[in-house]
Amino acid sequence: MPNQALTEAVYYILLSLIKPMHGYGIMQNVETLSNGRVKLAAGTLYGAINTLLDKKFIVALSSGADSRKKEYQITEMGKQVLLAEISRLRELLENGTNILGE
Amino acid sequence: MSKIYKKHFSVYNFEKLENWLNQMADDGLTLSSVESVGFSITGNRNGKYEFIETKKGEYKFRVLLLDKPHIYYDSHKQINFVSGTGAECVGYYNRFAIFRQKTEDGDFNLYSDNNSQIKFVSILLKSLIAYAISYFILWILTIILLLPASHFVVEIDIILLSLLFLGFETYFIVGIIKMAKKLKKLKQEATLFE
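Going down the list, the sequences are from chains A and B.
For the first sequence, the working numbering begins at 11 and goes up steadily by one.
For the second sequence, the working numbering begins at 12 and goes up steadily by one.
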């Protein structure tokens, strides 16, 4: 897996998709998880979802006729990426805490 | 009572369109429908905007720049996705999809980070460059075809066509410069913040 940092938006999108969820649900869940700090906009979310689908970090689940309610879910590859990111964030936090002493 | 306006907005002036719609809404005229009508000199459709009287500032508008012109299936997927998040699509034409949301429902934005803005500005910039190159090639081919038949009328035609193509190229080059500056600014910000 390439050693690249995920953006905060993508991190929270992947975390939200541990369970199947549609676009609006992802937006609401991310806002809740981040205590209102991260507010995903629809255009940004659409681009991120397409990129994650291309990279096979998530899959689209069948939604029937109404494409507005299409749900997505994280794949095994997506979970690996998420775990690598959590490990990276832990390293950042440990180094920061050790050096600043807080 | 409704008011109708026919206006042309260049695809790279989508922010002007958005500002105009929000200014009208703040003044108590809310966009209720939009459709394409006629053609501008660049070949893009003009917009026919219908407004109805509402409470001042009742709605907030945002313009989504579609990844492809609205005739493509992917663009409708894009419109449906955004509609599914709670924004109401008022209409679309060319590469514009216009959404609105009631002001009382809170913040309304279509882009929340630099990366997504960099992506759509890059797509737009590439389209403008492709158009500029295509029109330039068309201009050269036209001159090459007309040049062998050299008499006065043809020379006037070459001059008039050249002026027309010069107009097109100026239009695209202005757009390219604007979008290149915007992209540079977004990328500079992205080195520090998402």
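Wrong hints could be hidden among the right ones.
Below 27 Å or equal to it, Euclidean Cα-Cα: the simulated DSSO-like pairs (lysine-lysine) are [as the list claims (entries may be wrong)]:
(1) B:K88 to A:K79
(2) B:K79 to A:K65
(3) B:K88 to A:K80
(4) A:K49 to B:K17
(5) B:K27 to A:K66
(6) B:K14 to A:K49
(7) A:K49 to B:K193
(8) B:K195 to A:K49
(9) B:K196 to A:K79
(10) A:K89 to B:K193
(11) B:K193 to A:K80
(12) B:K130 to B:K88
(13) A:K80 to B:K195
(14) B:K66 to B:K193
(15) A:K66 to A:K89
(16) B:K27 to A:K79
(17) A:K49 to B:K59
(18) A:K66 to B:K193
(19) A:K89 to A:K79
(20) B:K130 to B:K66
(21) A:K49 to A:K80
(22) B:K130 to A:K49
(23) B:K113 to A:K65
(24) A:K79 to B:K195
(25) B:K198 to B:K66
(26) B:K130 to A:K66
(27) B:K18 to A:K49
(28) A:K65 to B:K66
(29) A:K80 to B:K189
(30) B:K189 to A:K65
(31) B:K193 to A:K29
(32) A:K49 to A:K79
(33) A:K49 to B:K198
(34) B:K27 to A:K65
(35) A:K80 to B:K27
By construction, these hints were calculated from the structure, which means they are not laboratory data.
Each hint, compared with the structure:
1. B:K88 to A:K79: holds (11 Å)
2. B:K79 to A:K65: holds (21 Å)
3. B:K88 to A:K80: holds (11 Å)
4. A:K49 to B:K17: violated (35 Å)
5. B:K27 to A:K66: violated (37 Å)
6. B:K14 to A:K49: The given pair, whose Cα atoms are some 35 Å apart, is violated under the 27 Å limit.
7. A:K49 to B:K193: Cα-Cα ~23 Å, so holds.
8. B:K195 to A:K49: holds (25 Å)
9. B:K196 to A:K79: violated (35 Å)
10. A:K89 to B:K193: Roughly 35 Å separates the two Cα atoms, so the pair is violated.
11. B:K193 to A:K80: violated (33 Å)
12. B:K130 to B:K88: Roughly 18 Å separates the two Cα atoms, so the pair holds.
13. A:K80 to B:K195: violated (35 Å)
14. B:K66 to B:K193: Distance of about 34 Å is beyond 27 Å: violated.
15. A:K66 to A:K89: holds (11 Å)
16. B:K27 to A:K79: Roughly 32 Å between the alpha carbons, so the hint for K27 of chain B and K79 of chain A is violated.
17. A:K49 to B:K59: violated (33 Å)
18. A:K66 to B:K193: violated (31 Å)
19. A:K89 to A:K79: Status holds; Cα separation ~23 Å.
20. B:K130 to B:K66: Violated, at roughly 36 Å.
21. A:K49 to A:K80: holds (20 Å)
22. B:K130 to A:K49: holds (19 Å)
23. B:K113 to A:K65: Violated: K113 of chain B and K65 of chain A sit about 36 Å apart, past 27 Å.
24. A:K79 to B:K195: violated (36 Å)
25. B:K198 to B:K66: violated (39 Å)
26. B:K130 to A:K66: holds (19 Å)
27. B:K18 to A:K49: violated (33 Å)
28. A:K65 to B:K66: violated (46 Å)
29. A:K80 to B:K189: Given that 27 Å is the threshold and the Cα spacing comes to 36 Å, the pair is violated.
30. B:K189 to A:K65: With Cα atoms ~32 Å apart, K189 of chain B and K65 of chain A exceed 27 Å; violated.
31. B:K193 to A:K29: violated (38 Å)
32. A:K49 to A:K79: holds (20 Å)
33. A:K49 to B:K198: holds (21 Å)
34. B:K27 to A:K65: Between K27 of chain B and K65 of chain A the Cα gap is close to 35 Å, so the pair fails against 27 Å, i.e. violated.
35. A:K80 to B:K27: Violated. K80 of chain A to K27 of chain B sits at ~33 Å, over the 27 Å cutoff.
Hint check: violations occur at hints 4, 5, 6, 9, 10, 11, 13, 14, 16, 17, 18, 20, 23, 24, 25, 27, 28, 29, 30, 31, 34, 35; the rest are consistent with the structure.
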